[in-house]
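*Asks:* One letter stands for each residue in the lines below.
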Amino acid sequence: MRIELEKRASASSLFQIVSPLLALALTLLFGALMFWMLGKNPGHALYAFFIEPLLEVWSLHELAIKAAPLILIAVGLSVCYRSNNWNIGAEGQFTIGAIVGSILPVLVPQWHSPMVLPLMLIMGAIGGALFAAIPALLKTRFNTNEILVSLMLVYIAQLFLDWLVRGPWRDPKGFNFPQTISFAKEAVLPELLESGRAHWAIVFALVAAVGVWFMMRYMLKGFEVTVLGRSERAGRFAGFSSRRMVWFSMMLSGAFAGLAGISEVSGSINHLQPSISPGYGFTAIIVAFLGRLNPLGIIVSGFILALTYLGGEAAQLSIGVSDKVTRVFQGLLLFFVLSCDTLILYRIRIIFGSDRAAAEGRS
Amino acid sequence: MTETIDKEAVPLLQVRGLTKYFGSFAANNAIDLTIAPGEIHALLGENGAGKSTLVKMLFGVLQPSAGEIVWTGKPQTVTSPGHARSLGIGMVFQHFSLFEALTVAENIALSLDPKIPLTKIAEEAAALSRAYGLPLDPSSHVADLSVGERQRIEIVRALLQNPKLIILDEPTSVLTPQEADKLFETLFKLKAEGRSVLYISHRLEEVQRICDRATVLRHGKVTGACDPRQETPASLARMMVGSEVAAVHRADANALGATLVDVRRLNVPARTPFAVTLKDVSLRVRAGEVLAIAGVAGNGQGELFDALSGEYPVADAETIRMRDKPVGRLGINGRRMLGAGFVPEERHGHAAVSDMSLSDNLLLSRSQSDRTAFLAGGFASVIRHDTIRSAAKRICDMMDVRKSGDDPAAASLSGGNLQKFIIGRELDRQPSILIVNQPTWGVDAGAASRIRQALIDLARSGSAVVVISQDLDEIFEVATNIAVISEGRLSQPFPAGELTLEKIGLLMGGIHDSTHGGETAHAH
Numbered sequence: 001m002r003i004e005l006e007k008r009a010s011a012s013s014l015f016q017i018v019s020p021l022l023a024l025a026l027t028l029l030f031g032a033l034m035f036w037m038l039g040k041n042p043g044h045a046l047y048a049f050f051i052e053p054l055l056e057v058w059s060l061h062e063l064a065i066k067a068a069p070l071i072l073i074a075v076g077l078s079v080c081y082r083s084n085n086w087n088i089g090a091e092g093q094f095t096i097g098a099i100v101g102s103i104l105p106v107l108v109p110q111w112h113s114p115m116v117l118p119l120m121l122i123m124g125a126i127g128g129a130l131f132a133a134i135p136a137l138l139k140t141r142f143n144t145n146e147i148l149v150s151l152m153l154v155y156i157a158q159l160f161l162d163w164l165v166r167g168p169w170r171d172p173k174g175f176n177f178p179q180t181i182s183f184a185k186e187a188v189l190p191e192l193l194e195s196g197r198a199h200w201a202i203v204f205a206l207v208a209a210v211g212v213w214f215m216m217r218y219m220l221k222g223f224e225v226t227v228l229g230r231s232e233r234a235g236r237f238a239g240f241s242s243r244r245m246v247w248f249s250m251m252l253s254g255a256f257a258g259l260a261g262i263s264e265v266s267g268s269i270n271h272l273q274p275s276i277s278p279g280y281g282f283t284a285i286i287v288a289f290l291g292r293l294n295p296l297g298i299i300v301s302g303f304i305l306a307l308t309y310l311g312g313e314a315a316q317l318s319i320g321v322s323d324k325v326t327r328v329f330q331g332l333l334l335f336f337v338l339s340c341d342t343l344i345l346y347r348i349r350i351i352f353g354s355d356r357a358a359a360e361g362r363s
Numbered sequence: 001m002t003e004t005i006d007k008e009a010v011p012l013l014q015v016r017g018l019t020k021y022f023g024s025f026a027a028n029n030a031i032d033l034t035i036a037p038g039e040i041h042a043l044l045g046e047n048g049a050g051k052s053t054l055v056k057m058l059f060g061v062l063q064p065s066a067g068e069i070v071w072t073g074k075p076q077t078v079t080s081p082g083h084a085r086s087l088g089i090g091m092v093f094q095h096f097s098l099f100e101a102l103t104v105a106e107n108i109a110l111s112l113d114p115k116i117p118l119t120k121i122a123e124e125a126a127a128l129s130r131a132y133g134l135p136l137d138p139s140s141h142v143a144d145l146s147v148g149e150r151q152r153i154e155i156v157r158a159l160l161q162n163p164k165l166i167i168l169d170e171p172t173s174v175l176t177p178q179e180a181d182k183l184f185e186t187l188f189k190l191k192a193e194g195r196s197v198l199y200i201s202h203r204l205e206e207v208q209r210i211c212d213r214a215t216v217l218r219h220g221k222v223t224g225a226c227d228p229r230q231e232t233p234a235s236l237a238r239m240m241v242g243s244e245v246a247a248v249h250r251a252d253a254n255a256l257g258a259t260l261v262d263v264r265r266l267n268v269p270a271r272t273p274f275a276v277t278l279k280d281v282s283l284r285v286r287a288g289e290v291l292a293i294a295g296v297a298g299n300g301q302g303e304l305f306d307a308l309s310g311e312y313p314v315a316d317a318e319t320i321r322m323r324d325k326p327v328g329r330l331g332i333n334g335r336r337m338l339g340a341g342f343v344p345e346e347r348h349g350h351a352a353v354s355d356m357s358l359s360d361n362l363l364l365s366r367s368q369s370d371r372t373a374f375l376a377g378g379f380a381s382v383i384r385h386d387t388i389r390s391a392a393k394r395i396c397d398m399m400d401v402r403k404s405g406d407d408p409a410a411a412s413l414s415g416g417n418l419q420k421f422i423i424g425r426e427l428d429r430q431p432s433i434l435i436v437n438q439p440t441w442g443v444d445a446g447a448a449s450r451i452r453q454a455l456i457d458l459a460r461s462g463s464a465v466v467v468i469s470q471d472l473d474e475i476f477e478v479a480t481n482i483a484v485i486s487e488g489r490l491s492q493p494f495p496a497g498e499l500t501l502e503k504i505g506l507l508m509g510g511i512h513d514s515t516h517g518g519e520t521a522h523a524h
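In the order they appear, the protein sequences are chains S and U. Each residue of the first sequence is one higher than the last, beginning at 1 in our numbering. Each residue of the second sequence is one higher than the last, beginning at 1 in our numbering.
Derived by calculation from the structure, the hints in this document are not laboratory data. Don't take each hint at face value.
The calculated label-pair distances, taken between Cβ atoms and stated as ranges, are [claimed, not checked]:
(1) U:Ile116 / S:Arg349: 20 to 28 Å
(2) S:Phe214 / U:Ala270: 42 to 50 Å
(3) U:Asp316 / S:Ile103: 41 to 49 Å
(4) S:Met1 / U:Thr72: 29 to 37 Å
(5) S:Ile3 / U:Asp316: 15 to 23 Å
(6) U:Gly377 / S:Phe30: 46 to 54 Å
(7) U:Asp316 / S:Arg141: 23 to 31 Å
(8) S:Leu193 / U:Leu102: 55 to 63 Å
(9) S:Val210 / U:Ser65: 42 to 50 Å
(10) S:Phe214 / U:Asp406: 21 to 29 Å
Sample of chain U residues facing chain S (criterion: CB under 8 Å; computed from the structure) [claimed, not checked]:
(11) Thr19
(12) Ile116
(13) Met239
(14) Ala351
(15) Ile383
Quick caveat: nothing in here was measured; it's all calculated off a predicted structure. The beta carbon of each residue, even a glycine, is placed where N, CA and C say it ideally should be.
Put together the whole structure using the sequences plus the hints.
*Replies:* Okay, here's the thing in structure tokens:
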């Protein structure tokens, strides 16, 4: 017996729209099942996970803080994925962006100037872009696989950060804690509203999303991304260079990830420490696909995934489950998004025995 | 398989009242068709007449809305291509379904029982291809094969399954006359073995030559069933298009102007191990001239097009000159800005992105040459969708492109209509140089004659046109001068009037006249 995927003659346009919602519903269903098997009341657990965080002002601020890096990174990734370049290493670019952006407040803390913050943000973006340029260089020069290279660079970035905060950048007055000095006031991304902690990163994220949406829809650059993603040969015929597109898409997504990294460190953490991200760079991949690689859809899906982080924290307290539940929910969501999308385009056929005719399902 | 044909009375295939609706549009309307064992049956019709729909229903790709298919006397619902094959129906599609990354043998293996070892398949395929005169190397990768060679894989793949009925969709559109003759021998051999062939073609003389009976479709209905040998090409064409096909008019004595394309001793090394190396290619095209380049598939046509278009620029700028400027190192858009236009061979995924709209596909080739009209906002390059859409509409009107909806995806157009759009996209700019690779392969008679006339008219208005083609009828129809490409070498040009079919055939086979450039004959 074996299972085959057979392409459908035509994909249902209704289900193409409904598919992300269906994936969400299935995630909730299986989440409830998981809570039930853990011996928790599923209704109460789901309420604690997904509804409670939305009821208080402070936690809405937290939602914005968590959504900001997810949206920013995912918007960059959407350009990459649409151009058929597979940057999986946004987590690393996020980390390097945070490190490069922190050079000023860590090494020259005595420089007090309104220029500090803008420079930090720009340096963070450049840092992320340059780190993403490594897989781009290796792909264009040596034809390496950018998925592997960008993924492996994540661990290099994380260990480099770990070494920095334990070694040369450690706060001498920090009681040997592995962290840098706290950033001065000029180096901190200010809060957006009086009512809570949410800072400017969410604005960057929304501006980036709208900007990229405009580029993809109305600008020649967006057209170039789409054409090269669909057919490299047609792109060459149009005079577009797939090599340059590798550089452009990787560095754009790297810059966004780097900006997200320095914004997170400057706005939320205020110093560098061994761990600065609960996996934003990887979760953003789910955000990008749940948003159907459309920047406006990514805004919505960014908030949904941010809610899973928040719900995980809340559920730890109120119902006493591990925060790993967050990762489970994210995993479920990605699984269902991808499988719903697959089943829109393909139907499953189960074949018993080795029927000769069945082996010829292709036309 | 040699089944005895003992039931002459029972037709192999009988189709009764077969109807297929797409929405409210009847692509096939009450089609009747009968195929006897051991007959070669022609299915004639323009693009859009419903031939593909009919064939897809016979092969189980589409399900009919009404009517029935009776196979060897029993009504059948053909549920899938796999089912069709198990019934004994083999199909050679016009658009091949091959995996480019796999070898010939692997591609064939995919449609066979998975338990047969690959080496055995390779042997069988090689033996079969030799027996039927369709030379194939089972170990070469499909990506490196020409269109003509890819077709051979499809034919061999269909034959390996021992079908009772083989459906061939426009099989000779990519073959030379000699190759076509070989194919016909193959078909006669199949016929002698008691198998039937459903032969889809727009080449009337072929149909007359090899087919026992013909069914003609127009607008989804059967407009005639006849013995093609008792008809004239004109009467068949009338059944097909409903009126006389316009003959292409070629001006005999063009006053040729300045040289617009000048290629001198172009050498291009092969980019992949299986690509053809261009050796010392020289050609010159003047204003008002159509230079046709004949040749068998896979002899360097694609490579020559790549070098002329600038998709792959060459090392030495001076080897290619257009309008008196060295352009060898210029990219495709640089050359377009000098007034050149290009039409590649492959429509889907090269000349056009299949799932993009026609207007987007218009922007594809003209984003730089028509920058001022199509883009706004300077550096930001904002696309003027409205302008482009109206330009696309203008092109569709000019070339009579038949489509559903205002701005449909390129994939939804039939081959002929998409090709008309792709050619019109370039003609609309009135290019001073036009380089076309296989302008009419897989295109119906009406569209082909329109495209050929457009190419001639363009030359007549003072442009230089290069037509790379495997279709000799086409070449003689449009060419002022003819050169032949073989194994990456280009012969000297001959005036169209002076070249005979035999001479072209010899040049195509790589037998160059030893007095030209001292080349030695290098026949296979």
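*Asks:* For each hint given before, does the structure comply? Return the numbers of the non-compliant ones in rising order.
*Replies:* 5, 11, 12, 13
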